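Protein chains: 2
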Amino acid sequence: METIENIAKNAKSAFLVTMSLDNETKNKALSNIITIIKEKESEIFESNKKDLIEAKKLLEEGKINKPTYDRLKLDKNKLQGLIQGLEDLIKLKDPTNQVLWEKELDKGLILKKVSTPIGVIGVIFESRPDCFIQIASLIIKSGNCAILKGGSEAINTNSIFCDIVTCALEKTPGFDKNAINLVYSREDIKKLLDLDEYLSLIIPRGSNSLVKFIKENTKIPVLGHASGICHIFVDRTADYNSALNIIVDAKTQYPSACNAVETLLIDKEFDRIDDLESDLIKHGIKIIKNPDNYSIEYGDKILALKIVDNVDCAINHINKYGSGHTDSILSNDKNNIERFFNLVDSSSVLSNCSTRFSDGFRYGFGAEVGISTNKTHARGPVGLEGLTIYKYKLIGSNNIVLDYVEGKKTFTHRDL
Amino acid sequence: METIENIAKNAKSAFLVTMSLDNETKNKALSNIITIIKEKESEIFESNKKDLIEAKKLLEEGKINKPTYDRLKLDKNKLQGLIQGLEDLIKLKDPTNQVLWEKELDKGLILKKVSTPIGVIGVIFESRPDCFIQIASLIIKSGNCAILKGGSEAINTNSIFCDIVTCALEKTPGFDKNAINLVYSREDIKKLLDLDEYLSLIIPRGSNSLVKFIKENTKIPVLGHASGICHIFVDRTADYNSALNIIVDAKTQYPSACNAVETLLIDKEFDRIDDLESDLIKHGIKIIKNPDNYSIEYGDKILALKIVDNVDCAINHINKYGSGHTDSILSNDKNNIERFFNLVDSSSVLSNCSTRFSDGFRYGFGAEVGISTNKTHARGPVGLEGLTIYKYKLIGSNNIVLDYVEGKKTFTHRDL
Numbered sequence: 006m007e008t009i010e011n012i013a014k015n016a017k018s019a020f021l022v023t024m025s026l027d028n029e030t031k032n033k034a035l036s037n038i039i040t041i042i043k044e045k046e047s048e049i050f051e052s053n054k055k056d057l058i059e060a061k062k063l064l065e066e067g068k069i070n071k072p073t074y075d076r077l078k079l080d081k082n083k084l085q086g087l088i089q090g091l092e093d094l095i096k097l098k099d100p101t102n103q104v105l106w107e108k109e110l111d112k113g114l115i116l117k118k119v120s121t122p123i124g125v126i127g128v129i130f131e132s133r134p135d136c137f138i139q140i141a142s143l144i145i146k147s148g149n150c151a152i153l154k155g156g157s158e159a160i161n162t163n164s165i166f167c168d169i170v171t172c173a174l175e176k177t178p179g180f181d182k183n184a185i186n187l188v189y190s191r192e193d194i195k196k197l198l199d200l201d202e203y204l205s206l207i208i209p210r211g212s213n214s215l216v217k218f219i220k221e222n223t224k225i226p227v228l229g230h231a232s233g234i235c236h237i238f239v240d241r242t243a244d245y246n247s248a249l250n251i252i253v254d255a256k257t258q259y260p261s262a263c264n265a266v267e268t269l270l271i272d273k274e275f276d277r278i279d280d281l282e283s284d285l286i287k288h289g290i291k292i293i294k295n296p297d298n299y300s301i302e303y304g305d306k307i308l309a310l311k312i313v314d315n316v317d318c319a320i321n322h323i324n325k326y327g328s329g330h331t332d333s334i335l336s337n338d339k340n341n342i343e344r345f346f347n348l349v350d351s352s353s354v355l356s357n358c359s360t361r362f363s364d365g366f367r368y369g370f371g372a373e374v375g376i377s378t379n380k381t382h383a384r385g386p387v388g389l390e391g392l393t394i395y396k397y398k399l400i401g402s403n404n405i406v407l408d409y410v411e412g413k414k415t416f417t418h419r420d421l
Numbered sequence: 006m007e008t009i010e011n012i013a014k015n016a017k018s019a020f021l022v023t024m025s026l027d028n029e030t031k032n033k034a035l036s037n038i039i040t041i042i043k044e045k046e047s048e049i050f051e052s053n054k055k056d057l058i059e060a061k062k063l064l065e066e067g068k069i070n071k072p073t074y075d076r077l078k079l080d081k082n083k084l085q086g087l088i089q090g091l092e093d094l095i096k097l098k099d100p101t102n103q104v105l106w107e108k109e110l111d112k113g114l115i116l117k118k119v120s121t122p123i124g125v126i127g128v129i130f131e132s133r134p135d136c137f138i139q140i141a142s143l144i145i146k147s148g149n150c151a152i153l154k155g156g157s158e159a160i161n162t163n164s165i166f167c168d169i170v171t172c173a174l175e176k177t178p179g180f181d182k183n184a185i186n187l188v189y190s191r192e193d194i195k196k197l198l199d200l201d202e203y204l205s206l207i208i209p210r211g212s213n214s215l216v217k218f219i220k221e222n223t224k225i226p227v228l229g230h231a232s233g234i235c236h237i238f239v240d241r242t243a244d245y246n247s248a249l250n251i252i253v254d255a256k257t258q259y260p261s262a263c264n265a266v267e268t269l270l271i272d273k274e275f276d277r278i279d280d281l282e283s284d285l286i287k288h289g290i291k292i293i294k295n296p297d298n299y300s301i302e303y304g305d306k307i308l309a310l311k312i313v314d315n316v317d318c319a320i321n322h323i324n325k326y327g328s329g330h331t332d333s334i335l336s337n338d339k340n341n342i343e344r345f346f347n348l349v350d351s352s353s354v355l356s357n358c359s360t361r362f363s364d365g366f367r368y369g370f371g372a373e374v375g376i377s378t379n380k381t382h383a384r385g386p387v388g389l390e391g392l393t394i395y396k397y398k399l400i401g402s403n404n405i406v407l408d409y410v411e412g413k414k415t416f417t418h419r420d421l
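Protein sequence lines, in the order shown, are assigned to chains A and B.
Positions in the first sequence are counted from 1; adding 5 to them yields my numbering.
Positions in the second sequence are counted from 1; adding 5 to them yields my numbering.
Okay, chain A solo, but in the shape it has when bound (with noise of 0.2 Å):
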């Protein structure tokens, strides 16, 4: 058994070749993936009732709970989605070797900022044995490598999965199959953590509790969010039928989605207040008025509720109680929805729809890698492109600095 640093070595090597691998070669192993998996189906299947067949009976023991549980199952419906996530990935642009944008600064002297893949990227998931594929192909579209942390209670439908991985990439010609990796143990997310040398970049995919302890024991940036307490506020122009529809959708589509409203602001001088508050009781949604804790993501069908006097109120509300995720401002007064756009400082900020659209998916983006509260690299919803960062290329003609010091040359600087 490998050491996990040596994972980690070998997989930084292996980034000195997938970060310059062109699309082709990068969509011939996501397709190769595609194959195996098909190849595979039934040992797939035998996997996962494995992992099944252990979690009953740390279910009957009470050591996981039911959602773990039913996450944990694999069947055919999962799989065809797996496969359409790859088929989909396949037909996306290349989102590295993009040129940026070029410029010359003097004449024979030309700047070009290239998008390039990040590095060696560690990501820890829980059950969701999917997870795997999923994360996997999405750091080969973008040309970076990974160390993957799955649950312990799929460590069968993981393995098999890391060696379909594995082995699409050994017959992927030009490829590193010490791209993608796989780690099993608890005591593993600690040493990965510690691998700042080797890693680039921390995904979190999983509870708020994993995504807080990890952000609180590394020095690798982490993209992820801990909580998402998103607020809708209805200002004193909201249409009432609208108000709730969307306070509806926003709460009870999803009510587990990190998008999902936690708070309802009312103005004070909406008139309707009563009747919303027992049309959305109607809907199934308990209300807690005024509750001591306005940081709380309940998840379920249950909402906090508080009447402000004013957009104002309800911005410094947001900012203050909020988690930076998303927030959505119910009015037809121009400028208030203005005041709040540029006020509230989340990464998603919406007039007149629900929360639950903030999603990379929805957003345009064909693949989600997550969404983020960071305030660097990557916020919101991040698609493919929170897997780059750039190089520059300046491509010279024996220029020398002293030239231009000394005032022999000037910079032209003209964007080409």
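Note that these hints are calculated values from the structure, not bench results.
Keep in mind that the hints are not guaranteed to be accurate.
Because identical chains share one entry, a pair is satisfied inside a single copy or across any pair of copies.
[Claimed, not checked] List time: in silico BS3-like cross-link candidates among lysine-lysine, alpha-carbon distance up to 30 Å:
(1) 339 / 118
(2) 195 / 217
(3) 98 / 414
(4) 291 / 224
(5) 112 / 339
(6) 224 / 55
(7) 117 / 17
(8) 118 / 108
On a predicted model such as this, the values are computed, not experimentally measured, just so you know.
Following the hints, position chain B against chain A.
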């Protein structure tokens, strides 16, 4: 005296104001700084004299070195340079509030990606007192807020500069004077690095050891580079005179710059290796052949030299020993240049020109925040853009997600 935590808290509140200021207001603040600097010129020089008197004692006691003492001195030229810098900055486009792209998700559902400032930024710089105004002005122009920690040797000069900035902000309607703050003591650094609740980014401007210390002691993202181990590779096809010219420029034009070359790699088939070595020595460069350590930043007219088998060996050496800063290939072989560009994992990769070109001003960014060897957020020379992130603004017309989940509506995802 306020605690540093209070200062950070107030700066965070100030950010909620500065983040939405328009370019005119921010430029007004900058021109107010120019006016007050001109008014207080003699007081500035008096404050600087106080620092110089104290520093002279420290110099005589051997507690600071001569270069530190020299950098501390502010003369008419430097002050004029500062004013010129402010005037140039006023002319630059607002880096925030720019619509980066706009997309129709569906009819009546428009998504905009808009550049925004980041938040409160901690800046730690050493004895150059003109640094304060340079950094504060970049922070103001980009709508961010900052806590600046200057060297204690420059306490009087930094204080008057901070007073000038505060006064200028107070005179600018709509600004918050808590946007720019100065702290003094060494203990403040440690405290600053713990304030991840309030600070979103740390920018160290100073020695490699300072940057290293900061990177190792904070969870806040750090923008900078701990060292500049830059390489020039002389390919077998390089032109002799051009190579000599470029290496001399990269090593001697400003040997202590971070983008000066430290290691020269020469292809074993290059036909005038001995001539090149003796010509470099004639230019006052000390050559160290095959040193034990290839990761030393000499900061002087000293150059490590290694003969390599081919371009791939050069690339491997650079990826192993380099700091990901700036590396240049001198060659007339298109394939080797292409290989070098794609396979060297550095923020700036150059062909046939001096490493000294990798710099924000030379790259035409108008201003330079610093040079970053990070793999996330900002890489290479960083202009004002590196002080920004973005938010998504989604303008709806009463749209709910359920309609799309149920297939009643479909996304158009059309670029606008």
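Status of each hint after checking the structure:
Within a single copy, residue 339 and residue 118 get their C-alpha atoms only as close as 38 Å, which misses the 30 Å cut-off; across copies the closest is 19 Å, which meets it. In this assembly of identical chains, residue 195 and residue 217 lie within 30 Å of each other by CA distance both inside one copy and across copies; the values are 14 Å within and 23 Å between. In this homomeric assembly, residue 98 and residue 414 come within 30 Å of each other (Cα to Cα) only across copies, at 26 Å, whereas the closest approach inside a single copy is 40 Å. For the identical chains of this complex, residue 291 and residue 224 are neighbours neither inside a copy (40 Å) nor across copies (38 Å), given an alpha-carbon limit of 30 Å.
Taking the shortest Cα distances, residue 112 and residue 339 sit within 30 Å of each other only across copies (19 Å), while inside one copy they are farther apart (49 Å). Taking identical chains as interchangeable, the C-alpha atoms of residue 224 and residue 55 are never at most 30 Å apart, the minima being 37 Å within one chain and 40 Å between chains. In this assembly of identical chains, the alpha carbons of residue 117 and residue 17 lie at most 30 Å apart only when taken from the same copy (25 Å versus 36 Å across copies). Proximity of residue 118 to residue 108 under the C-alpha cut-off of 30 Å is found in both arrangements, the shortest distances being 9 Å within a copy and 24 Å between copies.
The structure shown violates the earlier hints numbered 4 and 6.
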